[in-house]
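Engineer: Going line by line, the protein sequences match chains S and G.
For my numbering, add 66 to where a residue sits in the first sequence, where the first one is 1.
For my numbering, add 66 to where a residue sits in the second sequence, where the first one is 1.
Keep in mind that a hint or two might mislead.
Note: identical chains are not told apart, hence a pair may lie in one copy or across any two.
Taking lysine-lysine and the DSSO-like style, the derived pairs with C-alpha atoms no more than 27 Å apart in a straight line are [what the hints assert, rightly or not]: (1) 350 to 288; (2) 350 to 436; (3) 79 to 350; (4) 79 to 288; (5) 129 to 79.
Treat the hints as calculated values from the structure; they're not laboratory data.
Protein chains: 2
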Amino acid sequence: MSTPAAEELLPPKLSRRWHYAREQAISFLMQQAVENPDVISLAAGLVDSETLPVAETRAAVQKVLEDHGSGKMALQYGTTAGSERLRRLLLAHFGQLEGCDPHDLGVDAGQLVVTTGSQQLLSLVCEILLDPGDICLVAGPTYFVFVGNLNGVGAEIVTIPSDDDGMQTGALEAALQQLEAEGRLDRVKLIYAVSYYDNPSGRSLSTERRQQIVDIAHRWSKHHRLFVLEDAAYRELRYDGETLPSVWSFDETRQTVIYTQTFSKSYSPGLRIGFGVLPRDLVKPVCDRKGNEDFGSANFNQHILATVLESGLYDSHVEQVCAAYRIKRDAMLAAADRWFADLPGVSWVHPHGGLYVWMSLPPQIQTGFKSELFRRAVEEGVMYVPGELCYASPLDERPRSEMRLSYGVQPPEGIEEGMRRLSVAVRSMLVSR
Amino acid sequence: MSTPAAEELLPPKLSRRWHYAREQAISFLMQQAVENPDVISLAAGLVDSETLPVAETRAAVQKVLEDHGSGKMALQYGTTAGSERLRRLLLAHFGQLEGCDPHDLGVDAGQLVVTTGSQQLLSLVCEILLDPGDICLVAGPTYFVFVGNLNGVGAEIVTIPSDDDGMQTGALEAALQQLEAEGRLDRVKLIYAVSYYDNPSGRSLSTERRQQIVDIAHRWSKHHRLFVLEDAAYRELRYDGETLPSVWSFDETRQTVIYTQTFSKSYSPGLRIGFGVLPRDLVKPVCDRKGNEDFGSANFNQHILATVLESGLYDSHVEQVCAAYRIKRDAMLAAADRWFADLPGVSWVHPHGGLYVWMSLPPQIQTGFKSELFRRAVEEGVMYVPGELCYASPLDERPRSEMRLSYGVQPPEGIEEGMRRLSVAVRSMLVSR
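The following block holds chain S by itself, in its conformation from the complex (with noise of 0.2 Å):
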């Protein structure tokens, strides 16, 4: 036969499952940054490039590597659930974290999963647990790219709104007794949390809201096991304020809540190690899935990452980053102060430690892509992630008015002047009306 022109082509028939994902923000956001290289982000998640930990991955690479033996086994496979050695460390830094000798955490390290990044552990929990239609409650706002994760399973999602405490647990009860009224508590699988420094809110849940949403969970667990998601990926950025026990730490049974940490935010995004800490029974689902994803996260990253961890290079590590961050989320305060405090119905949450600061507008002022300000804000050269991009309700639900701004990549010269160029913006909205 004659091979067909390209364009004769019939067009490939993809999965339902493609259709529920198809549609990420952060695709338009990375191609507004390449089209306008002069812009200053203040929308990026990525972490400040100045201190990521050179000189320590070269001193942890040589170590794994100056020797043959420890060097081949870096380089040869490892195992789905990740590297044993780094486990043990995970599950030493984890009771460090907790501040509880590991062997009085109630669970082991084959209870920890390594994976790419806390990411690809979010992305497991919902393919093992989410059927389509099934339901998973989340703050308003939260994390977008797990609304992704749910979206592409094709799960329900129920908003709880959020104040400075976290979500609102008189709300969470109030839903679930709603979906139990209308018969679909059976289909409520998942209460979803960014439990420290919040993305994108920058809040932390309050130690009295850790405890209620654990009960909860157990109280509301009718059905089938009803499961709390704790993503703690900020938990060490901490730059000040009181430090919180995990919402993990709550639940005594050690079944109920899942608990994810990633490296990616306190070391280097460049090596993707996040871990999860799973009930034991959900230790083989996950397994089983992610040995069908990829059967194992890379093993040299990880003995990289547990030489690292040994040395006690981490530790210091932390401290420097966080020092770094101190000093650039007091600029981006500093910059809203100067630059925003005259502006009427402006306001922000002064974070405790993670990469963002939450903006307010007044609710005449919309904020999402398609807007009058983020159009100004883009010709003013300075970029930031809209609101309306962190909620999962139908978008004439959400609020319109509301901007995550990061201070993860610019030092603080460019938050000071990302700042003023928003500002400026901000306040040709306010006259223009």
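Place chain G on chain S using the hints.
Structural biologist: Only chain G this time, still in chain S's reference frame:
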């Protein structure tokens, strides 16, 4: 409320998808290996530890991290599709394998996607293409992890018999006719072929059949485009015999064959880097899905591999690796001659590359995990992969008397001894009947 006791908790309700994917033979094999540490494994598909590129990787990392600028770039987030620099080098490398100037390949670096091993690419293709009940045609035997991927998305698998020239194209054509007659052609989405030194059979598709498979995909694209997924994982592990053109090279449209390869076999599985060369209209779907799963494989490793490719260290390493495997393949074939030649009804494939020898026993000797032979083999101190795991058809329709024997991990002496032990077990089965 009081916390429930762990044993009072209701069980989780997992997703249908997890149920699709929950049985993974690899787990049993790994468990056997752990429980029987003195056993010589001819089962493991790991690569030869002795040839792992410790010095090459050390040199590359040194180069990546010696400069603070390039070091920071490697330790920062990358993009979902992979590092631009690596993708350009991969295009050049792919051109080299195709014997073609990269500019004349008819694809650009934007159509290359870097993944966590080629395994992730295989998984992503299933995710974006296959709904439950959609059909994929595979050779029998075929790569058993991919069967897990197909099961994982609820796909139906149609097995096409194969011979020394790989998947039989006459049978492929007949199967499509049959599916059309059943009114199910609209569910057929994909033809999967391990084109070089197949895992598990060690055989390659003949040149003629490569062309025919592409023609068949074009001709049978009646409802939507029918894709061919060419898994070229072992392409560079060629020890002798002719250099075969890829299936991809026969697809003049460049829109029908999805090509994937990995550096796990030819360089290091610990880096976990594979890539796909995608038809243009699959790039966004694959990246959307990958964005959800992990938004990018480890950037650090991509910079290392780029440096290895750029420096020429890669080509010389592949030569070394092939020289080492050639010796081990010869050792296994010589041992097969020595220990099995006089056994009636025993035959095996002579591979020109890859990691596997496929051995067939008389039909009365079953080889499965629960077979007497498997038990006796472990008792003798040797392990293999039962051939029946490499078929997707119902168990009673599968050949039950085949074995996949790998010369990847063992040194020549271990191969010799493993084959001797295996022959003792097989001989005992022949005698005892």
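Engineer: Hints first: check each against the structure and report whether it holds.
Structural biologist: Structure-based check of each hint:
1. For the homomeric pair residue 350 and residue 288, the shortest alpha-carbon distance inside one copy (23 Å) is at most 27 Å, but the shortest distance between copies (41 Å) is not.
2. Taking identical chains as interchangeable, the C-alpha atoms of residue 350 and residue 436 lie at most 27 Å apart only when they sit on different chains, with a minimum of 22 Å there against 44 Å within one chain.
3. For a Cα distance limit of 27 Å, the shortest separation of residue 79 from residue 350 across copies, 14 Å, qualifies, whereas the shortest one inside one copy, 33 Å, does not.
4. For a Cα distance limit of 27 Å, the shortest separation of residue 79 from residue 288 across copies, 12 Å, qualifies, whereas the shortest one inside one copy, 40 Å, does not.
5. For the identical chains of this complex, residue 129 and residue 79 are neighbours neither inside a copy (49 Å) nor across copies (44 Å), given an alpha-carbon limit of 27 Å.
In summary, the one numbered hint that this structure violates is 5.
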